[in-house]
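Protein chains: 2
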Amino acid sequence: MGEKVSGNLMIIGGNEDKEGECLILKEFFKLAGGREARIVLITTASEFPRELGDIYRTLFLDFGARTAAVLYIDDRESANDLHLTEDIDQATGVFFTGGDQLRLTSILGGSQVDAAIRRCYQQGNIIAGTSAGASVMSDTMIVEGDSNESAQKSTLAMAHGMGLLEEVVIDQHFAQRGRINRLLSAVAQNPFVLGIGIDEDTALVVSDNATGKVIGSKTVTIVDGKHIIHSNISESNLHDPLAITNIRLHILPSGFGFDLKRRMPFTCNS
Amino acid sequence: MGEKVSGNLMIIGGNEDKEGECLILKEFFKLAGGREARIVLITTASEFPRELGDIYRTLFLDFGARTAAVLYIDDRESANDLHLTEDIDQATGVFFTGGDQLRLTSILGGSQVDAAIRRCYQQGNIIAGTSAGASVMSDTMIVEGDSNESAQKSTLAMAHGMGLLEEVVIDQHFAQRGRINRLLSAVAQNPFVLGIGIDEDTALVVSDNATGKVIGSKTVTIVDGKHIIHSNISESNLHDPLAITNIRLHILPSGFGFDLKRRMPFTCNS
Chain A
-1 MGEKVSGNLM IIGGNEDKEG ECLILKEFFK LAGGREARIV LITTASEFPR
49 ELGDIYRTLF LDFGARTAAV LYIDDRESAN DLHLTEDIDQ ATGVFFTGGD
99 QLRLTSILGG SQVDAAIRRC YQQGNIIAGT SAGASVMSDT MIVEGDSNES
149 AQKSTLAMAH GMGLLEEVVI DQHFAQRGRI NRLLSAVAQN PFVLGIGIDE
199 DTALVVSDNA TGKVIGSKTV TIVDGKHIIH SNISESNLHD PLAITNIRLH
249 ILPSGFGFDL KRRMPFTCNS
Chain B
-1 MGEKVSGNLM IIGGNEDKEG ECLILKEFFK LAGGREARIV LITTASEFPR
49 ELGDIYRTLF LDFGARTAAV LYIDDRESAN DLHLTEDIDQ ATGVFFTGGD
99 QLRLTSILGG SQVDAAIRRC YQQGNIIAGT SAGASVMSDT MIVEGDSNES
149 AQKSTLAMAH GMGLLEEVVI DQHFAQRGRI NRLLSAVAQN PFVLGIGIDE
199 DTALVVSDNA TGKVIGSKTV TIVDGKHIIH SNISESNLHD PLAITNIRLH
249 ILPSGFGFDL KRRMPFTCNS
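Here the protein sequences come in this chain order: A and B.
First residue of the first sequence: -1, per our numbering; consecutive thereafter.
First residue of the second sequence: -1, per our numbering; consecutive thereafter.
Just so you know, these hints were derived from the structure itself, not from any lab.
Just to be clear, a hint being listed does not mean it is correct.
Pairs involving identical chains hold if they fit within one copy or between any two copies, as the list cannot separate such chains.
Keeping only pairs whose Cα atoms sit at most 20 Å apart, straight-line, the calculated SDA-like set for lysine to any residue is [claimed, not checked]:
1. 151 - 188
2. 224 - 262
3. 24 - 59
4. 224 - 246
5. 224 - 117
6. 151 - 253
7. 211 - 234
Go ahead and model the full structure; you've got the sequences and the hints to work with.
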């Protein structure tokens, strides 16, 4: 775990404050370089790419970013447009908006834009994503799954994500949509994978030493399945309830962090 | 833990099957003595005590119970009616329906009927409760709390329950109403207390050796806070998000049980 964390990520649980203190978005702006920030916005996941792009661009420019460009990529052809990759190559921060995570990966996956984002990330720039934009960061992502239902196999549809953070599975709008059991199911499938559930208006800021710090108004839930003793996931039928014992759970608000390599929570000094 | 488990309890998460196989209600009928069962139904929690009483009475009589009497107790006066306590003294099983748990405790608490139920329980008879009837079994019960919200202090209102099972806190309609975070808050307040979240159409059948077995179609969630390392509950403001680390979690379907004394899950042979 963590060998592959080569850059900086901000994983946002959706619905982050855009009208008040904008704590999370301002932190992204700061991490992208503040007044030197060249921000690229990717709205591909959304049904309303232009409206959403405008909102974020205006915010980041208001904060004082040097540039904030919205890349409208709605098909595979534009995902290979070399003009767009130039913008990304010069960016100090990339921000993925919410929407449909499968739209994001199916349009961007394996494209020139995808490659440019990886380059940008590997050079140490910050990559942020909110809601669907958060889910795509892991190597395998949850595409669909019931909320507020008992844990069972059938609550889950998984797909390949962008793999910026490996060996984790990320879920968002976490407490607000009652998603603990679908994250438990994902972890039970392979306890090697760490479950990260992020509430609305909350983010995990992961740095290149594979530690994450929580910011925002709510909590990040960590589901660590490494010590699972019983699990019936391989033998149960699709709609059978799951059995999972000895899950380790951490609920972390701002002021706390998590060491992804050692799987240990910590308190932040600041 | 467990010294005080003197009888047999069936703690049902609400909405148990009453039309199909009736697995949970039939198990109660069996534990109450089958064809020798003298069942007493207490509908005090409900707004519709007569309709609900009729449904359960008809079911238990159809199963073959010797008697099934509904005690209509809607004020403190009837809770001290000695005719009613006679019924309870002869009962082999008591069943609490759902409704409002505070109505149940405020009307029955400290009454002659309350005392008779305790006697019945201490003699080894089965006491069952569904939904609100499940919540009242613990010594401290959750009366009100937000669902699908991040864990915070203010999501919880607690009150004294009937105390048939001590050192636990029970929540019901658990996965279906997204109640994990309010149960985590309750456990964080005093990690000595074991959190038991019971899904709909699911029950934990606790016997006098302080072990519980899961029956029904969904799962029982056990929240064990004994190993909590960080918790900010004593210092946080009402609406601050909670921090809780190192919670141990077990998701147990039918075929699994839990040793309440040793805090260990087990698999059942049957």
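How the hints compare with the structure:
1. 151 - 188: within (12 Å within a copy, 33 Å between copies)
2. 224 - 262: both (12 Å within a copy, 17 Å between copies)
3. 24 - 59: This pair counts as within: shortest intra-copy Cα distance 11 Å, inter-copy 66 Å.
4. 224 - 246: both (8 Å within a copy, 12 Å between copies)
5. 224 - 117: neither (32 Å within a copy, 45 Å between copies)
6. 151 - 253: between (34 Å within a copy, 17 Å between copies)
7. 211 - 234: For residue 211 and residue 234, only the inter-copy Cα distance (19 Å) is at most 20 Å; the intra-copy one is 36 Å.
Hint 5 from the earlier list is the only one contradicted by this structure; the remaining hints agree with it.
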